[in-house]
Amino acid sequence: MEPYELTITQALSRLASRDLSSRELTQSCLERINAVEPTVSAFITHDADIALSQADEADRQRAAGSVGPLCGIPLSVKDLLCTKTFPTTCGSKMLAGFVPPYDATVVEMILRAGGVIVGKTTMDEFAMGSTSETCYYKVPANPWNLEYVAGGSSGGSAVSVAAGEVLASLGSDTGGSIRQPASLCGIVGMKPTYGRVSRYGLVAYASSLDQVGPLTRDVQDCAVMMQAISGHDRRDSTSVDRPVEDYSAACAAGMRGVRIGLPQEFFPEELDPEVRQVVMNGVAALRSAGAEIVDVSLPHIDYGVAAYYIIAPAEASSNLARYDGVAYGYRDEQANSLIELYKNSRSAGFGAEVKRRILIGTYALSSGYYDAYYKKASQVRTLILDDFKNAWQSCDLLISPVTPTPAWRRGSKLDDPLAMYLSDIFTLSTNLAGLPGISVPGGLSEEGLPIGIQLQGPHFGESLLLRAAYNLEENLALDRAIMPRPTT
Amino acid sequence: MKISQQEVEHVAHLARLHLSREELQTMTGQLDTILSYVAKLDELDTRDVEPTTHALSVTNAFREDAVKPSLTQREALANAPQHNEESFMVPRVL
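In order, the protein sequences belong to chains E and Z.
Position one of the first sequence corresponds to residue 1 (the UniProt record's numbering), numbered consecutively onward.
Position one of the second sequence corresponds to residue 1 (the UniProt record's numbering), numbered consecutively onward.
Hint data in this document are derived by calculation from the structure and do not stem from the laboratory.
It should be emphasised that the depicted structure is a prediction, and the values quoted were computed from it without experimental measurement.
Hints should not be assumed to be uniformly reliable.
Examples of chain Z residues lying across from chain E (beta carbon under 10 Å, computed) [said to hold, decoys possible]:
1. Met1
2. Ile3
3. Gln6
4. His13
5. Arg21
6. Thr26
7. Ile34
8. Val38
9. Glu50
10. Ala55
11. Val67
12. Pro91
Ranges of calculated distance between the beta carbons of each label pair, as one might list FRET restraints [claimed, not checked]:
13. Z:Asp42 to E:Phe267: 45 to 53 Å
14. E:Ser66 to Z:Pro69: 22 to 30 Å
15. E:Asp241 to Z:Phe88: 30 to 38 Å
16. E:Ser318 to Z:Ser4: 40 to 48 Å
17. E:Ala284 to Z:Ala76: 42 to 50 Å
18. E:Asp49 to Z:Gln25: 31 to 39 Å
Each residue gets a CB set at the ideal place from its N, CA and C atoms; glycine is no exception.
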């Protein structure tokens with residue numbers, strides 16, 4: 001077994017026993033990157049020198065006895081988290097070459113924990129998309145089948161972990177952008193409760209929905225990463241000041257006394273039969289671990305896509321107004337007036353999906369349409385939130401599919417935005433309600449594509465979610481493969 | 001039709017975007033499909049429902065009014081497409 005195949009937990013124990021150095025581990029990841037990156041395209045930027053110098057620093061810290069919880073672990077970061085040492089492009093031409101003057105809080109936290117940042121990952125432009133195909137630079141491929149999408153918008157983050165290029169990654173989830181690519185690539189991905197993790201230095205898409213979270217090879221690693229990034233940040237006024245629980249310890253408990261809700265609206269008739277089967281296997285696994293399964297109903301879930309595709313574009317249209325070609329970002333040099341400068345820079349700097357969402361959002365917020373669209377969608381958001389609150393009366397967690405189907409062929413939904421939006425149907429409502437959610441590998445389709453299982457919990461229910469996810473993982477006992485399969 | 005080409009053109013101006021003839025046509029069709037789908041929300045009676053803008057109600061987060069380090073002028077200008085060492089440069093406004 002090569003070092004890059006280790007989980008964080010395994011690597012930490014070998015680093016601790018001095019059986020492995022961070023330099024050796026990082027070198028192994030860099031070699032793996034050289035071998036597979038040309039086919040999987042997980043990175044927009046990666047830098048071996050920066051990674052190795054951080055690895056050496058981690059080895060020095062370990063020798064000096066100051067060992068952070070991620071000391072020496074090679075990681076990747078989605079290219080919308082600000083980093084002083086790497087450009088931060090958001091997958092857009094608009095931010096080509098942009099080097100932020102500061103690190104995002106979560107980046108500071110993983111560096112302080114001793115993490116080694118190898119590079120920045122491919123993503124849908126400004127996190128708008130479900131396949132990472134709207135990335136201006138390159139499009140990641142699903143490591144299980146290179147003809148298929150990796151998912152999105154944190155596609156590169158998921159691929160970098162699934163393909164063994166790094167041990168874990170940080171992504172962001174506004175409507176499923178961590179959980180969905182994790183599911184399609186056969187790894188674990190968690191979207192924390194809104195406010196649990198700082199958004200400072202996360203380039204904004206839809207501020208009331210965005211949340212940073214980890215993508216990892218297993219649930220224990222997810223707990224380790226969550227521990228490293230959770231907590232209050234004074235620089236993010238929506239971050240919540242509340243003690244962080246011991247997530248790794250939480251994994252150890254069994255499922256006795258936990259009520260798992262089976263929400264009928266997440267199992268529509270047209271659901272892919274293989275996806276249904278995988279999720280039902282998960283239900284059986286949790287039941288055999290001691291959980292009680294109860295039927296619940298969330299009657300307004302079906303309206304989630306419609307509400308989301310007003311609210312998120314509305315917030316995006318406001319957030320992306322800052323890209324005007326003046327202080328940073330792409331500028332059209334030919335413009336003769338200020339308004340021309342704005343229009344030309346934005347039109348050339350943004351891709352089609354970003355323009356589409358800016359237009360929807362601007363329309364929904366414009367005079368005469370505000371009540372019909374934005375206000376209406378915000379009221380339906382209340383109904384969805386109430387559905388979840390009612391569900392928590394009779395259960396502690398919800399189990400469901402992550403996506404209606406396994407990964408699809410690259411290019412097949414690009415010309416049909418609505419079909420693309422509808423693929424997010426099971427993940428969007430988590431964000432509308434600000435809840436934590438996790439995607440855990442559940443099995444493979446007949447074609448050999450991964451299918452994930454989603455668990456959602458009440459606000460700040462991360463411990464319980466990780467505990468259930470860990471039990472699911474233990475009981476399903478899947479073969480955890482790194483793809484494409486190492487040839488050495 | 002939920003939205004016309006003229007409306008899309010107007011919204012594009014509000015959003016400071018320029019669309020080519022072809023883009024305008026494609027975009028109008030796609031926006032119309034999306035807005036027709038969104039009309040699904042009208043099936044729900046929301047007369048007495050309060051809108052939600054944030055899922056968790058966070059009250060005002062105050063901090064002390066203290067001077068902290070901030071970006072230097074040099075750092076602030078570092079990514080500017082055009083500057084004169086003191087300010088961002090833009091085309092003539094008046």
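So, going through the hints one by one against the coordinates:
At its closest, the beta carbon of Met1 of chain Z sits 14 Å from a beta carbon of chain E; the interface hint therefore is violated under the 10 Å criterion. With 10 Å as the threshold, the beta carbon of Ile3 of chain Z comes within range of chain E, its nearest partner Cβ sitting at about 7 Å, so the hint holds. Here the hint on Gln6 of chain Z is broken, as its CB sits about 13 Å from the closest CB of chain E, past 10 Å. Given the 10 Å rule on beta carbons, the hint for His13 of chain Z holds: about 8 Å separates it from the nearest Cβ of chain E.
Interface hint at Arg21 of chain Z: violated, since its Cβ lies 13 Å from the closest Cβ of chain E, which is beyond the 10 Å cut-off. At its closest, the beta carbon of Thr26 of chain Z sits 8 Å from a beta carbon of chain E; the interface hint therefore holds under the 10 Å criterion. Given the 10 Å rule on beta carbons, the hint for Ile34 of chain Z holds: about 6 Å separates it from the nearest Cβ of chain E. Because the closest C-beta pair between Val38 of chain Z and chain E is about 5 Å apart, less than 10 Å, the hint holds.
The closest approach between the C-beta of Glu50 of chain Z and any C-beta of chain E is roughly 6 Å, which is under the 10 Å cut-off, so the hint is satisfied. With a cut of 10 Å, the hint placing Ala55 of chain Z at the interface with chain E holds, because the nearest CB-to-CB distance is about 3 Å. The beta carbon of Val67 of chain Z is not positioned within 10 Å of any beta carbon in chain E (closest approach about 15 Å), and the interface hint is therefore violated. With a least beta-carbon distance of about 6 Å to chain E, the hint placing Pro91 of chain Z at the interface is held under the 10 Å criterion.
Asp42 of chain Z and Phe267 of chain E have their C-beta atoms about 26 Å apart, which leaves the hinted 45 to 53 Å range violated. A hinted range of 22 to 30 Å holds for the C-beta pair Ser66 of chain E and Pro69 of chain Z, which are about 25 Å apart. Distance hint for Asp241 of chain E and Phe88 of chain Z: a CB-CB separation of about 36 Å, consistent with the stated range 30 to 38 Å. At roughly 24 Å, the beta carbons of Ser318 of chain E and Ser4 of chain Z sit outside the given window of 40 to 48 Å.
In this structure the supplied range 42 to 50 Å is violated for Ala284 of chain E paired with Ala76 of chain Z, their Cβ-Cβ distance being about 58 Å. At roughly 48 Å, the beta carbons of Asp49 of chain E and Gln25 of chain Z sit outside the given window of 31 to 39 Å.
Going down the numbered hints, you'll see the structure goes against 1, 3, 5, 11, 13, 16, 17, 18, while the others check out.
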